[in-house]
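Chains A, B, C, D, E and F supply the protein sequences, listed in that same order. If you want the working numbering, it's the position in the first sequence, counting the first as 1, plus 2. If you want the working numbering, it's the position in the second sequence, counting the first as 1, plus 2. If you want the working numbering, it's the position in the third sequence, counting the first as 1, plus 2. If you want the working numbering, it's the position in the fourth sequence, counting the first as 1, plus 2. If you want the working numbering, it's the position in the fifth sequence, counting the first as 1, plus 2. If you want the working numbering, it's the position in the sixth sequence, counting the first as 1, plus 2.
Hints may be right or wrong, so weigh each one.
[Stated by the list, open to error] A few chain D residues facing chain C, derived, Cβ under 10 Å:
| hint | residue |
| --- | --- |
| 1 | Glu16 |
| 2 | Glu35 |
| 3 | Leu41 |
| 4 | Ala84 |
| 5 | Thr88 |
| 6 | Ser90 |
| 7 | Leu91 |
| 8 | Phe96 |
| 9 | Leu98 |
| 10 | His110 |
| 11 | Leu163 |
Just so you know, the hints here were simulated from the structure itself, not pulled from any lab data. From the three backbone atoms N, C-alpha and C, an ideal C-beta is built for every residue, glycine too.
So you can see what is in the structure, the chains are spelled out below.
There are 6 protein chains.
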Amino acid sequence: MVDSIRLDELSWPEFAHKIAAGAPVLLPLGTTEQHGPHLPLNVDVVLPTGVCERVARQVGGLVAPTIPYGYKSMPRSGGGEAFPGTLSLDANTFSLVVRDVIRGLGHHGVRRLIVVNGHFENAWPSVEGLDLGLRELRRDGITDMQVMRLEYWDFVRRATLDKLFPDGFPGTELEHASLLETSLMLLLRPELVEMDKVPSDGPATFPTYDCFPVPADFGLPPSGVLAVAHGSSAEKGGWLMDDHVALMSAAIRKEFGL
Amino acid sequence: MVDSIRLDELSWPEFAHKIAAGAPVLLPLGTTEQHGPHLPLNVDVVLPTGVCERVARQVGGLVAPTIPYGYKSMPRSGGGEAFPGTLSLDANTFSLVVRDVIRGLGHHGVRRLIVVNGHFENAWPSVEGLDLGLRELRRDGITDMQVMRLEYWDFVRRATLDKLFPDGFPGTELEHASLLETSLMLLLRPELVEMDKVPSDGPATFPTYDCFPVPADFGLPPSGVLAVAHGSSAEKGGWLMDDHVALMSAAIRKEFGL
Amino acid sequence: MVDSIRLDELSWPEFAHKIAAGAPVLLPLGTTEQHGPHLPLNVDVVLPTGVCERVARQVGGLVAPTIPYGYKSMPRSGGGEAFPGTLSLDANTFSLVVRDVIRGLGHHGVRRLIVVNGHFENAWPSVEGLDLGLRELRRDGITDMQVMRLEYWDFVRRATLDKLFPDGFPGTELEHASLLETSLMLLLRPELVEMDKVPSDGPATFPTYDCFPVPADFGLPPSGVLAVAHGSSAEKGGWLMDDHVALMSAAIRKEFGL
Amino acid sequence: MVDSIRLDELSWPEFAHKIAAGAPVLLPLGTTEQHGPHLPLNVDVVLPTGVCERVARQVGGLVAPTIPYGYKSMPRSGGGEAFPGTLSLDANTFSLVVRDVIRGLGHHGVRRLIVVNGHFENAWPSVEGLDLGLRELRRDGITDMQVMRLEYWDFVRRATLDKLFPDGFPGTELEHASLLETSLMLLLRPELVEMDKVPSDGPATFPTYDCFPVPADFGLPPSGVLAVAHGSSAEKGGWLMDDHVALMSAAIRKEFGL
Amino acid sequence: MVDSIRLDELSWPEFAHKIAAGAPVLLPLGTTEQHGPHLPLNVDVVLPTGVCERVARQVGGLVAPTIPYGYKSMPRSGGGEAFPGTLSLDANTFSLVVRDVIRGLGHHGVRRLIVVNGHFENAWPSVEGLDLGLRELRRDGITDMQVMRLEYWDFVRRATLDKLFPDGFPGTELEHASLLETSLMLLLRPELVEMDKVPSDGPATFPTYDCFPVPADFGLPPSGVLAVAHGSSAEKGGWLMDDHVALMSAAIRKEFGL
Amino acid sequence: MVDSIRLDELSWPEFAHKIAAGAPVLLPLGTTEQHGPHLPLNVDVVLPTGVCERVARQVGGLVAPTIPYGYKSMPRSGGGEAFPGTLSLDANTFSLVVRDVIRGLGHHGVRRLIVVNGHFENAWPSVEGLDLGLRELRRDGITDMQVMRLEYWDFVRRATLDKLFPDGFPGTELEHASLLETSLMLLLRPELVEMDKVPSDGPATFPTYDCFPVPADFGLPPSGVLAVAHGSSAEKGGWLMDDHVALMSAAIRKEFGL
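Let the sequences and hints guide you as you build the complete structure.
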C-alpha cells in the first residue's frame with residue numbers, strides 16, 4: 003500500500019478509506035510572488051506546504067495540493083503586482099477556486115478541514131471562498147463540515163519572536179521576504195536561497211494608506227524585501243517551524259476533538 | 003545564481019532576466035482525479051509537469067507552477083466526479099484561473115507561451131481561458147503574445163502507438179489510468195504505482211452519449227480504469243516520453259522560430 | 003387542437019398536458035458559423051433541429067427551440083472565429099443559457115431530456131451548463147430528472163461510414179462543412195446549398211496543437227471547408243439521417259424505458 | 003447565388019459581401035412564453051421575426067437568428083414564470099447573450115444594427131446587453147457602430163390604435179396574448195391560432211405593485227390572457243404589420259441615412 | 003431605549019425585537035443622477051427615503067438604508083449616463099446588491115418586505131435582484147417571506163394628477179426632474195432646490211426608440227429636465243406625498259394583513 | 003447657488019464645475035452591522051461619512067454617497083454575520099459596486115479620489131474593486147486617475163492612543179463597538195448612543211484562527227462588543243476626530259499636491 007500524508011499521492015480507494023476514518027484535510031493556499039533577490043518566487047508555496055506536511059504527521063491528516071496562484075500582491079504587504087514574476091488571480095477567481103475545492107472535499111466526505119494560508123493577501127478572499135463553499139454545501143444538504151482557517155505565521159510563541167527580534171517584531175505585513183520567510187526557506191529549501199544577495203534597502207517606510215499608482219517616494223524598497231533578511235538562518239527557521247507545528251497541531255486537536 | 007527550469011524557483015530578477023531574453027514559458031494544466039486503484043490522484047499533475055520540465059530543457063524554457071485542480075471529470079473520459087478524491091473546478095472557475103495566469107504572464111513580458119494540458123476534460127475550458135486572457139491583454143495593449151495550446155499525449159509517433167498497442171490503439175479518451183498513463187508514472191514516480199492492484203474490470207463499454215445520472219449499465223468499470231493497464235512498464239513510459247519531448251520540442255522550435 | 007412535435011408551437015395547456023404525460027423533450031444546440039462557400043451559416047441549426055424533429059416523432063417527444071448562438075469556433079474543428087458570419091458566445095454565457103433552459107424545463111415538470119448537440123465546440127460548455135442546471139434543480143428539490151447528452155453525428159453505423167468513405171473516415175472534427183454536413187443539408191434544405199461552389203482547397207493539414215494567433219502555414223483551407231465536400235448528395239444525407247434517427251430513437255427508448 | 007434577407011441563410015462570403023456594402027442587421031429578441039390557451043408559446047419569436055423580415059426587405063437589411071429564450075415573464079406583463087412552458091433566462095444570462103452577439107457582429111464589420119424586441123420583459127436586460135457589448139467593442143477599438151433598440155409594437159399610428167380599440171387602448175403591458183398579438187399571429191401563422199379557445203376571464207385587474215409570491219386575488223386571469231383577444235383578425239394584424247413595417251423602416255432610414 | 007423607524011438607527015437587540023414582532027421592512031432603491039440645473043443629484047435618494055419614512059410610521063415598519071447607486075440612466079427616461087454626476091452600476095451589480103440585502107434580511111427573520119423604487123431605471127434589475135434573493139432564500143429553507151415591489155410614483159390618485167396637470171399627465175418616464183420630483187423636493191429638502199434655475203428647454207421630443215450613440219437631434223433637452231418643472235411647489239409636493247403615503251400604507255396593510 | 007461638500011447635494015452643472023476645477027472626491031465605504039447593545043447598526047456609515055465631511059472642508063473636496071452595505075462581518079473583527087441586523091454583501095458584489103462607482107467617477111472627470119473605509123472587513127474587497135475599476139478605466143483610455151485608499155482609524159497620533167489607552171492599545175480589530183467607535187459616535191450622533199447599555203462581557207479572547215461554525219468557547223462576547231466601551235466620551239471622540247481630520251488632510255495634500 004502506498005501511504006502518504008499527501009492526499010494526491012493516494013489512490014482513490016486509499017483516499018476514501020482515510021476520509022471515512024475521519025482524517026482531517028489541510029489545504030495550503032500559496033501564490034507565485036516576488037520575494038526579493040535572494041529568494042525564489044515559490045516561497046509562499048513551499049512554506050505553507052512544508053508546515054502542513056509536518057502538522058499532518060502530528061494529527062493524522064492529509065495535505066491537499068497547494069493552490070499555487072493566489073490573490074494579488076499589495077505594495078504594503080508584498081511589494082505589489084509590478085514586480086516581475088508575481089502571478090496572481092483576481093479576488094473573485096481565487097475565491098471561486100477555494101469555493102470549488104471545498105465543495106469537492108465536502109462532497110467526498112471530508113468533515114474536518116484546515117485552510118492554511120501562506121500568502122498575506124490571500125486572507126480575505128480565502129474567507130470568502132470558504133463562506134461560499136460552505137453555503138453551497140449547506141444547500142446540498144451537508145451541514146456538518148467543520149473548518150478552521152488560519153495564517154500559519156500566527157502560530158508562534160511570544161518568546162520565539164522575542165528571541166528572533168531582540169529589538170521588537172516589525173509586524174507580519176512587513177515580514178515579506180524578510181527574516182522569518184528567509185529562515186524558513188533556509189530550513190526547507192536551502193538550495194534556493196542566496197544569502198549573498200540579501201539586500202539592504204529596507205525596511206520599508208510606508209504611509210498609512212495605499213496609493214494608485216504607487217508614487218516614487220512611497221517607501222517601497224526596490225529589492226522587494228520589506229523589512230530585513232540579514233541574520234536569517236536555518237536554525238531560526240527551525241525555531242519557527244517547531245512553533246508552527248506544535249501550536250497548529252494543538253489547535254487542530256482541540257477544535258476537532260482529536 | 004540559482005538556476006532552474008522551474009519559473010517558481012527563480013528569484014524575480016532572474017525571472018525578469020530570462021523573460022527579457024525571450025525564454026518561452028510552459029504552463030502545465032493538471033487536476034486531482036481518480037486514476038484507478040493502482041495510481042495516485044496526482045497523475046494528471048505529475049505527467050504534464052514531467053513532460054514540460056524535459057521539454058523546457060530542450061528549448062530553453064521555463065515551467066510555471068502546474069494548476070493542480072482542473073475541470074470536472076466526465077464518466078466517459080475520466081470516470082466522473084463520483085469517484086472519491088476527484089477534486090474539480092467549475093468550468094468558469096478553471097477558465098478564469100487560466101485567464102488570470104496568462105494575463106499575468108503577458109504583463110510580465112512573456113511573449114512565447116505553451117499551455118500544456120495533462121487532463122482530458124481541461125481541453126475546452128483551457129481554450130476559453132486562453133481566449134479570455136488574450137482578449138484582455140489586447141485591451142491592455144499587448145498584441146504580440148504567441149501561444150501554443152496542446153495535449154501532450156497527441157505528440158506521439160504512429161510507430162510508437164503501434165508498438166504499444168499491437169491490437170490497435172483504443173483512443174485517447176479510454177486511455178484514462180490505463181497503459182499510457184501507468185507506464186509514464188512508472189517512469190516518473192514508480193514509488194506511487196502499485197502494479198499488483200491493476201484491475202481487470204475494463205475496458206469500458208460506453209454508449210455514444212452521456213447520461214445524468216449515470217445508469218448502472220453504463221459500462222463504467224468500477225475501478226475507474228477505462229481501458230487496460232496490464233503490461234505497463236517504465237520502458238514503455240520511456241518510449242512515450244521520448245516522443246512527447248522530441249515532438250513537442252520540435253513543434254515549439256518551429257512555431258517560435260527558436 | 004393544434005398538435006405539434008415542436009414544443010413552442012403548443013399552447014401552454016397543451017404543453018402541460020404532454021409533459022404531465024411523460025413526453026421527453028429534445029433540446030437542440032446549434033450555432034451560427036461559417037460552413038464554406040457552398041453552405042449557409044445555419045447548418046448547425048438546421049441539422050440538429052431536423053434530426054430532433056424526426057426523432058421526436060419516433061419517441062413521442064417534443065423539440066424545444068434550438069439555441070442559435072453557440073460556443074466559439076476553433077480553427078481545427080470549425081475554421082475559427084475569424085471567418086465572417088461566425089457569431090458565438092463566451093463559454094460561460096453559453097453554459098448559463100443551457101443551465102437556465104434546463105432549470106426552466108425541470109421546474110415545468112420535464113423529467114426526460116435529451117440535449118442534442120449540432121456544433122462540435124458546444125460539447126464541453128453544454129456539459130457544464132447541464133451540470134449547473136441539474137445542480138440548481140437538486141437544490142430546488144428536483145432530483146429525478148433524467149438527461150441524455152449527445153452529438154447527433156455519433157449515431158451512425160460503421161457500415162454507413164464505410165459506404166460513405168470508401169477510403170476511410172477522416173474523423174468528426176475534420177468533417178466540418180464537408181461530405182456529411184453537405185449531404186444532410188442537401189436532404190433538408192437543398193435550396194440553401196450551392197454545389198457549384200464546393201471548394202477544393204482541403205483537406206486541412208493541421209498540426210496537433212492550437213496556435214494563437216493562427217499562423218499562415220497552419221493548414222487551414224481558406225474556404226473553411228476542412229475536409230472534402232465533393233460527392234455530397236441528398237441520398238447520402240438520407241443514409242445518415244436514417245442512422246441518426248434510428249439509433250438515437252433506440253437509445254432514448256432504452257434509457258427512458260419507453 | 004443563394005440570396006436571402008436571413009443572415010443565417012447566407013454563406014460566409016455572401017455575408018461578408020453584404021456587410022461590406024453596409025447592410026444593416028436586425029436582431030430580433032424573443033422568448034418562449036405562455037400566450038393563453040389559443041396561442042402557441044412561440045408568439046414572441048414569430049412576431050418580431052416576421053416584422054424584421056418585412057422591414058429588412060424595405061431597407062436592404064439582414065435578419066440575424068432570433069434569440070428564442072428571453073428574460074423572465076412577470077405576472078403583470080406576461081403572466082409570470084409559473085405558467086407551464088414559459089422558458090426564461092436570468093437577466094445576466096440574457097444580457098450576456100446580447101452582449102456576445104453584438105460583439106460578434108461588430109467584429110465582423112456590422113456598423114448598423116437594429117435590436118428589435120418582441121417580448122416586453124426583454125427591454126431592460128437588452129439595454130444592458132447592448133451597453134456591455136458596445137463597451138467591449140470600444141475597448142477593442144471599434145467606436146463607429148450605430149445601434150437602434152426598439153420594441154416593434156411602439157411603431158403604430160394613433161389612428162390605427164383608435165380603429166383597433168374604439169373604447170381606448172388598454173396599454174402595452176396588458177396587451178399580452180390579447181388583440182394585438184392574436185391578430186398578428188392570425189396574419190403570420192394562422193394554423194397555430196385557435197380562436198375557439200380565446201378565453202373570457204380578462205382583463206387583468208392588477209394592483210400598482212408586484213407581489214412575491216403572487217396572491218390569489220392578484221387579478222391575474224387564469225388563462226394568461228391579460229386583456230381581451232376576442233375580435234382578433236388577420237385583417238387587424240395586417241393593419242398593425244403595415245404600421246410596424248412602414249414606421250420602423252422610416253426610422254431606420256432616417257437614423258442610418260439610407 | 004433609542005427608538006427609530008430607521009432600521010440602521012437601532013441597536014441589534016432592538017432590531018431583533020422589532021423583527022421578531024413582525025415589523026415590515028421598507029428598502030428604498032435610489033441612485034445618484036442628474037436632475038437638471040435646479041435639483042441636486044440625490045433626488046432619487048431623498049424622495050423614496052422620505053416616502054418610506056412616512057409610510058413606516060403608518061404601518062409600524064422599519065426603513066433600511068437606501069441604496070444610493072442604482073442602474074444606469076437612459077436618455078429617454080433620465081437623460082443618460084453622459085450627464086455629469088450620474089453615477090450608476092451595471093445591471094448585474096445592482097441586482098446582486100439587491101439579492102444580497104434581501105438574503106440578509108431574510109436570514110435575520112424579516113418576513114414582510116417592501117422594495118420601494120425611486121429611480122425609473124432600477125425597476126427591472128430590482129425585479130431580478132428580488133428573484134435571485136428569494137431563490138437563494140428558498141434554497142436556504144426560507145420559503146415564507148412575502149415581498150411587495152413598487153415604484154412610489156404609481157401610488158397617486160387620478161384626481162391628484164388631474165389637479166397637477168390640467169392639460170394632461172405627460173407620463174412617468176418624462177417626469178424626470180420635472181413637476182412631480184421638483185415639488186416633492188420643495189416639500190422635503192427645499193434648501194437644495196433652485197427654482198430660479200428651472201430651465202425651459204423641454205419637454206423632450208424623443209422618438210419611439212433608443213439610439214447608441216445619442217444623435218444630436220434626439221430631442222433630449224440639454225438641461226436634463228425631460229418635461230416641465232415650472233409651477234412646482236411644496237404644496238403640490240404635499241398633495242403627492244399624501245397620496246403616496248396613504249395609498250402605499252393601504253396596500254401594505256392589505257397584502258400583509260396588518 | 004446651492005453649495006455643499008456633499009457631491010450628491012450639487013446639481014449636475016455644479017458638480018461638473020467643481021470636478022473641472024480639480025476637486026478631490028472622497029468615497030466613504032460603510033456597512034450596516036451590529037455594534038453592541040449601546041450603538042446603532044449605522045456606526046460604520048456615520049463615522050467615515052463624518053470624517054470625510056470634515057476632511058472635505060479642509061481640502062476643498064466633495065463627499066460621494068456612502069456605500070451603506072459592506073462586506074461580511076467576521077467573528078474576530080466584527081462579531082460575525084449571525085448578529086441580528088448585520089446586512090452584508092458577498093465580496094464579489096461589494097467589489098463590483100466599488101468598481102462601478104470608481105469607473106463612473108473616472109468617466110465624469112474625477113482624477114483625485116480618496117476611498118475612505120469605515121468597516122474593517124471592507125478593506126480587501128475595496129482594494130479589489132479599486133483595482134478592477136482602474137483596470138477598466140485604463141482600457142477606456144483614462145490613465146491619469148490618482149487614488150488613495152485608507153482606513154480612517156489608521157490616522158491617529160501615537161500620543162492620542164497612549165492618552166486613550168493608558169494600559170496599551172488592544173489593536174484595531176478588537177476595537178469593534180468599543181472605546182474608539184463609541185467615543186466618535188458620542189461626538190457625532192450622541193442621541194443614538196445608550197451608555198447605560200454598555201456591556202461588560204468583553205474583551206474577546208479569540209484564538210489565532212477562524213472557525214466555521216463558530217464554537218461555543220470561541221471567546222466572542224455575546225454583546226458583540228469585542229473590547230471595552232466603558233469610559234467612552236464625546237471629548238475622546240473629539241481627540242480622535244481631530245487626528246483623523248488633520249492627518250488625513252495632510253496626507254491628501256501631500257499626495258495630490260494641493
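Taking the hints in turn, this is what the structure says about them:
1. Of the supplied interface hints, the one on D/Glu16 holds, with its beta-carbon coming within about 8 Å of a beta-carbon of chain C, less than 10 Å.
2. Taking 10 Å as the C-beta contact cut-off toward chain C, the hint placing D/Glu35 at the interface holds, the least distance being around 9 Å.
3. The beta carbon of D/Leu41 comes within 6 Å of a beta carbon in chain C, closer than 10 Å, and the hint placing it at the interface holds.
4. At a threshold of 10 Å, the smallest CB-CB gap from D/Ala84 to chain C is about 9 Å, leaving the interface hint in force.
5. Interface hint status for D/Thr88: upheld, as the beta-carbon distance to the closest one in chain C is roughly 7 Å, under 10 Å.
6. Checking D/Ser90 against chain C: minimum C-beta separation of about 6 Å stays under 10 Å; hint holds.
7. Residue-level restraint check for D/Leu91 holds (minimum Cβ-Cβ distance to chain C is 4 Å; threshold 10 Å).
8. Because the beta carbon of D/Phe96 sits about 9 Å from the nearest beta carbon in chain C, less than 10 Å, this interface hint is met.
9. This hint holds: D/Leu98 has a C-beta 4 Å from the nearest C-beta of chain C, less than the 10 Å allowed.
10. With 10 Å as the threshold, the beta carbon of D/His110 comes within range of chain C, its nearest partner Cβ sitting at about 5 Å, so the hint holds.
11. Checking D/Leu163 against chain C by beta carbon gives a least distance of about 27 Å; that is not within 10 Å, so the hint is violated.
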